[in-house]
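2 protein chains.
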Amino acid sequence: MSSPDFSRLSINTATTKSLTLQEAVRVYADAGLQHIGVWRDRVAEAGLDNAVRLVREAGLEVSSLCRGGFLTAADADGQQRALADNTAAIREAAALGTRELIMVVGGLPAASALIGGPAVDPSVPGAKDVAAARRRVADRLAELVPVAQQYGVRLVLEPLHPMYAADRAVLSTLGQALDLAEPFPSDTVGVVVDTFHVWWDPALEASIARAGSEDRLASYQVCDFNLPIAADALLSRGYMGDGFVDFATIGRWVAQTGYVGPVEVEIFNQAIWDSPGADVVGTVKSRWAQHVLPHL
Amino acid sequence: MSSPDFSRLSINTATTKSLTLQEAVRVYADAGLQHIGVWRDRVAEAGLDNAVRLVREAGLEVSSLCRGGFLTAADADGQQRALADNTAAIREAAALGTRELIMVVGGLPAASALIGGPAVDPSVPGAKDVAAARRRVADRLAELVPVAQQYGVRLVLEPLHPMYAADRAVLSTLGQALDLAEPFPSDTVGVVVDTFHVWWDPALEASIARAGSEDRLASYQVCDFNLPIAADALLSRGYMGDGFVDFATIGRWVAQTGYVGPVEVEIFNQAIWDSPGADVVGTVKSRWAQHVLPHL
Chain W
16 MSSPDFSRLS INTATTKSLT LQEAVRVYAD AGLQHIGVWR DRVAEAGLDN
66 AVRLVREAGL EVSSLCRGGF LTAADADGQQ RALADNTAAI REAAALGTRE
116 LIMVVGGLPA ASALIGGPAV DPSVPGAKDV AAARRRVADR LAELVPVAQQ
166 YGVRLVLEPL HPMYAADRAV LSTLGQALDL AEPFPSDTVG VVVDTFHVWW
216 DPALEASIAR AGSEDRLASY QVCDFNLPIA ADALLSRGYM GDGFVDFATI
266 GRWVAQTGYV GPVEVEIFNQ AIWDSPGADV VGTVKSRWAQ HVLPHL
Chain P
16 MSSPDFSRLS INTATTKSLT LQEAVRVYAD AGLQHIGVWR DRVAEAGLDN
66 AVRLVREAGL EVSSLCRGGF LTAADADGQQ RALADNTAAI REAAALGTRE
116 LIMVVGGLPA ASALIGGPAV DPSVPGAKDV AAARRRVADR LAELVPVAQQ
166 YGVRLVLEPL HPMYAADRAV LSTLGQALDL AEPFPSDTVG VVVDTFHVWW
216 DPALEASIAR AGSEDRLASY QVCDFNLPIA ADALLSRGYM GDGFVDFATI
266 GRWVAQTGYV GPVEVEIFNQ AIWDSPGADV VGTVKSRWAQ HVLPHL
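Chains as they are written, first to last, in our numbering: chain W, 16 to 311; chain P, 16 to 311.
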């Protein structure tokens, strides 16, 4: 029996959180992978020049940089900080040789303190106004598009599961992401399908087809939706097969768009983070071969 | 200063979980309320005839009965049980004098055991097929419509927050609920707007307007969306003002439909359940006067 084809498998460094970038590139390359998804915390630790060298020397291609975004600040200072941080992220993506910068757009001002942002009085007008927060995302995106174009980077909008709508992303569906992308060229603003976030969406089939026909499908990310929801809701992601995502169906819809790029496994899960990195990569490969690869 | 108008406020017995139905009707009536939302566990405890008498003697009107549903079983036995249980719920609603039977449609077979249903092998074909589960909901609904018509009861479809899509409701948006209702008369199949479940939906304004124009808005339920998500995700609901829902905006959209019925407060929250029932009713009244009433 021939070995499964791992040529499209990418693992995001967030999946092997205990590994430094130097360790991660070695473990991934030793496992025969050709791609790596990079989280910015690992780049910051290693230093950008060193990170670029480490990835290149391991012979890996960067499938995406995670993440830019957090564009919903209502105050001028917060908006300036967001533009500066996203400009830095765009430069990092370009240096790492990936076109795809994943964007988590940010939540409501009233929830900002929950994710380390400034405390905003929830009774201030607009602090819970989700429509106004979405308009600010569109405004910031328009300002970032020229910067992204200058560096040849694509801003990849990530709809997050609605359980994160208050604190992390007022962008909740793929259709909404495509609407937000519409004013901009498809090589500068794209979208990502992350199974955890969008599997429940009744419009998912149509929205994936639309992402394909509008040439905006920049990344396919896979992991499972586990229950019960973890104490830290961000950590409810699981190995493919451990939860409730129908990878056969979603994989088929993605394949029908003609998407042939890397498929990235990004899992935040405390039990997985507590396991040795090489074991995690081994399990990811086996689950990927079983649940994802047959449907691509 | 005149007292706030509580004539449209209804409290669901699930909000005061420690109270028997006999205690709840007394506490609500003493607080000057005119409506009560009834959860079926309280009806079962009291017995239906007794429940009807208790509510009537307290001078309360039943704004809704919660709940019917769980229509997604893929096996014949499970489907028969669902029809029998929903027929019983329809009869109870009619006996209690409410037209509105709230329907939580059910989740994936693979998650059935998580909510006390039969264990289904998750590798069985279709066990995680959300589209197939939705088709079964439509099939069961068609079977229940004649029963509901016979009793003069409306089946009120409740979209649940997508965090419950796997285990409780494959119906996640108000637009999807309206699509599901479309083949049936508006006096037999309606929809409910529950702020906790739908506040994040980018199509919410349009869907509420559609519910109004199609004459299907059967109930408006209010409570807040708290963060962090509770250890038992079902218990993340909070008093209005404690979380991230913009009641002014959603209330205005509901009011614009012409909805003038009861507004029901239904909160599952361990800290609230651990408080004395009369205190809970007092807090509900004050939060309702502050956050909900001004926008109706």
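Don't read these hints as lab results, they were simulated from the structure. Worth double-checking, as some hints may not be accurate.
[Stated by the list, open to error] Partial pick of chain W residues on the chain P-facing surface, computed with a CB cut under 7 Å:
(1) R68
(2) A125
(3) P133
(4) A147
(5) A180
(6) S187
(7) L249
[Claimed, not checked] Stretches of chain P that chain W covers, calculated by requiring three or more beta carbons in the stretch to come under 8 Å of a beta carbon on chain W:
(8) 174 to 182
(9) 196 to 208
[Said to hold, decoys possible] In silico contact screen, one side only, chain P against chain W (beta carbon under 8 Å); selected entries:
(10) E38
(11) T188
(12) W215
(13) I244
Glycine residues also receive a C-beta, built at the ideal position from the N, C-alpha and C atoms.
task = Find the hints from earlier in the document that the structure breaks and name them by number, from lowest to highest.
result = Hint check: 1, 3, 4, 7, 9 and 10 fail, others pass.
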